[in-house]
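Residue numbers for the sequence shown follow the numbering used here, beginning at 1322 and rising by one.
Worth flagging that the hints you see were computed from the coordinates, not collected in a lab. Misleading hints may appear alongside valid ones.
[Said to hold, decoys possible] In silico SDA-like links for lysine to any residue, alpha-carbon gap of 20 angstroms or less:
(1) Lys1790 - Ile1762
(2) Lys1400 - Pro1503
(3) Lys1714 - Lys1934
(4) Lys1637 - Val1429
(5) Lys1934 - Gly2002
(6) Lys1638 - Lys1397
(7) Lys1692 - His1729
(8) Lys1821 - Tyr1866
(9) Lys1790 - His1729
(10) Lys1397 - Gly1641
(11) Lys1397 - Ala1355
(12) Lys1733 - His1663
(13) Lys1790 - Ser1829
(14) Lys1766 - Gly1641
(15) Lys1397 - Val1633
(16) Lys1790 - Pro1978
(17) Lys1638 - Thr1954
(18) Lys1692 - Asp1680
(19) Lys1397 - Pro1357
(20) Lys1821 - Arg1951
(21) Lys1397 - Glu1675
(22) Lys1790 - Thr1954
(23) Lys1790 - Gly1641
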Amino acid sequence: MSVRLAVDIGGTFTDLALENGARRWTTKVLTTPAAPEEGVMQGVRAILADAGVTPSDLALVIHGTTLATNALIERKGAKTALITTEGFRDVLALGNEARYDQYDLQIVLPEPLVPRRLRLPVSERLDNEGHVLRPLDEAGLRALVPVLKAERVEAIAIGFLHAFVNPAHERRARDILAEELPDVPISLSSEVSPEMREWERFSTTVANAYVQPLMSRYLTRLESGLRDLGITCPLFLMLSGGGLTTVETACRFPIRLVESGPAGGAIFAATIARECGIADVLSYDMGGTTAKVCLIDDYRPQASRTFEVARVGRFKKGSGLPLRIPVIEMVEIGAGGGSIAHVDALGRIAVGPESAGADPGPACYGRGGDKPAVTDANLALGRYDPARFAGGKLALRPEAARAALEAHVGSKLGLDPAMAALGVVEMVDENMANAARVHAIESGKNLDGRTLIAFGGGGPVHGYRVAEKIGIRQVLVPSGAGVGSAIGFLRAPVAYEVVKSLYQRFASFDLAAVNALLAEMQREAAAIVALGAQGAATEEHRLGYMRYVGQGHEIAVPIPARVLTEADVTAIRAEYDRLYTAFYDRPVPGSDVEILSFAVTVATVPPPVAAAKATPVRSRATPARTQPVRDTTTGAVSEWAIYDRVSLPPGATLEGPAIIAEDETSTLVGPGWRAEIDGFGYIRLSQG
């Protein structure tokens, strides 16, 4: 697989990275929201020409997209029905009755994706061990078919009580409905999210059904477009959990793609961390629509199995639709290059979450946008060269940026465009810094001693200032930072995670039942991975989600990837106590521990990391030119030295304030910061 191509569709730009052996080519093209595959095809043709390879030379194409996420946020998915156990049609609306803001008397909760008239009950019932209490009413189920046809339902979700223990009723219901509605895709909760907690399971299954027709059509069009270009190699999709999977699996479980782009970025940062021997990292990925931070410890991104999408309360946990899927855990805020700035009702500068996207884009793009975005503010501060933005493919218009800042921010606060721009950028940086602080606290970790790895089109631009605000003194900007998520796709393993519930207590641990379940899960995951692994060696990881009896939240505890023995059970319990103490300072003596779910991941073995490069001989870099830049800390304008990254050899050093420019991004070296090019060609910033 010497020639591999990765494509990441973002809200503003579509990023591409092609590797042929040790050589790499990257490019950016504007995303085409109405038909995302058109932007992909444009970028593919451009990067193949740049690299001098033919479509038939490609051995693998890897793709990540925000299409599923956008469909959920914008409510542009399929018309979906939920078939559920009689008496439980309102689970989606009731949720868990938690309030994300205890003091908001006018609280707004997210509307379910399925309206009540399409949440259709059917008589059936299983107990918590999967025994049939009431058989499935097949006649009653068939009586729902005319309703589904009359409503012109485009997708169906089936979620029955306790189906995660025994899927028989869900499978029979699918068979019956498939006979009557053969062209309507059907999602089962026992396949999409086979875990306890009905609200999360039903919500995830409905979301999967909601985006399934859209994603299937898109992936079909994409495959067809690639074939028309002469590309016949396999196409893999990036999963939210950091692995790759086949198109067939992605079409069955498209909900697992919701965070595919950000997951690629976290994989990219983790790979860079391992290359450089930096164990504790804060990954900072700022694109056109959002900015993401992720904690990476011991070269592994922090993982989770829960996620929220389409929050109605900005940044407020619990205000979105819950998804129970494997995901790389990160915090994501609407603070990208296209995020729109405005003055709120209290007279404060606010940025996002609304984004100008690619069409019309920020005002400086000259594509019809008239609202100021973060890119406009950076341009007005002198941080971008208008002629070199996006590799010179998109000439920026400074006068349009200043006009938009004056009209929508400056005039309302009595500020000139430059100071309005300073306020916008400082607000973005503070929002990002605050998000990083909160994320670290919620994860039981701190930011002291970490290195910030900045990438994405905006990450290197804002990286040093965000680092200052959170007390980080080391920043690393790798090669290809502007398209970091796409490069991360090329580093991801072919992997799949299976999660299932089997309630256990250590006081009455059923060793045979647990071993049987884990073996079944391993076979399921291995079968999916085999479709794309092409004979590569694989490895297995297992987790158990545990808590003290009576508690409400679980901790993930590693489990040996083999047949468990009684000695293993004792060791796993001891490991739970150790991890609990790390989170909450002390264990709870005398309390039994319960296991709610198990997770098994099978993945291809990652290739060895490149050997560390020797420290290069240091030399003083010479700037190509200077340009006036306004410092966001002091507000003063001064001449900043401008360096071309391609002309900086390993060992080159320079002092801030300066800008290191390249085609897909620019790295700002703030006052009091120092930059050095290391043996990998990466930019290392240090303060003081």
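Do the hints match the structure? See the list:
{"no.": "1", "hint": "Lys1790 - Ile1762", "verdict": "holds, 16 angstroms"}
{"no.": "2", "hint": "Lys1400 - Pro1503", "verdict": "holds, 16 angstroms"}
{"no.": "3", "hint": "Lys1714 - Lys1934", "verdict": "violated, 34 angstroms"}
{"no.": "4", "hint": "Lys1637 - Val1429", "verdict": "holds, 12 angstroms"}
{"no.": "5", "hint": "Lys1934 - Gly2002", "verdict": "holds, 10 angstroms"}
{"no.": "6", "hint": "Lys1638 - Lys1397", "verdict": "violated, 23 angstroms"}
{"no.": "7", "hint": "Lys1692 - His1729", "verdict": "holds, 7 angstroms"}
{"no.": "8", "hint": "Lys1821 - Tyr1866", "verdict": "holds, 10 angstroms"}
{"no.": "9", "hint": "Lys1790 - His1729", "verdict": "violated, 27 angstroms"}
{"no.": "10", "hint": "Lys1397 - Gly1641", "verdict": "holds, 16 angstroms"}
{"no.": "11", "hint": "Lys1397 - Ala1355", "verdict": "holds, 12 angstroms"}
{"no.": "12", "hint": "Lys1733 - His1663", "verdict": "holds, 9 angstroms"}
{"no.": "13", "hint": "Lys1790 - Ser1829", "verdict": "violated, 50 angstroms"}
{"no.": "14", "hint": "Lys1766 - Gly1641", "verdict": "violated, 25 angstroms"}
{"no.": "15", "hint": "Lys1397 - Val1633", "verdict": "holds, 16 angstroms"}
{"no.": "16", "hint": "Lys1790 - Pro1978", "verdict": "holds, 17 angstroms"}
{"no.": "17", "hint": "Lys1638 - Thr1954", "verdict": "violated, 31 angstroms"}
{"no.": "18", "hint": "Lys1692 - Asp1680", "verdict": "holds, 12 angstroms"}
{"no.": "19", "hint": "Lys1397 - Pro1357", "verdict": "holds, 15 angstroms"}
{"no.": "20", "hint": "Lys1821 - Arg1951", "verdict": "violated, 54 angstroms"}
{"no.": "21", "hint": "Lys1397 - Glu1675", "verdict": "holds, 17 angstroms"}
{"no.": "22", "hint": "Lys1790 - Thr1954", "verdict": "holds, 11 angstroms"}
{"no.": "23", "hint": "Lys1790 - Gly1641", "verdict": "violated, 28 angstroms"}
Checked against the numbered hints above, the structure breaks hints 3, 6, 9, 13, 14, 17, 20 and 23 and satisfies the rest.
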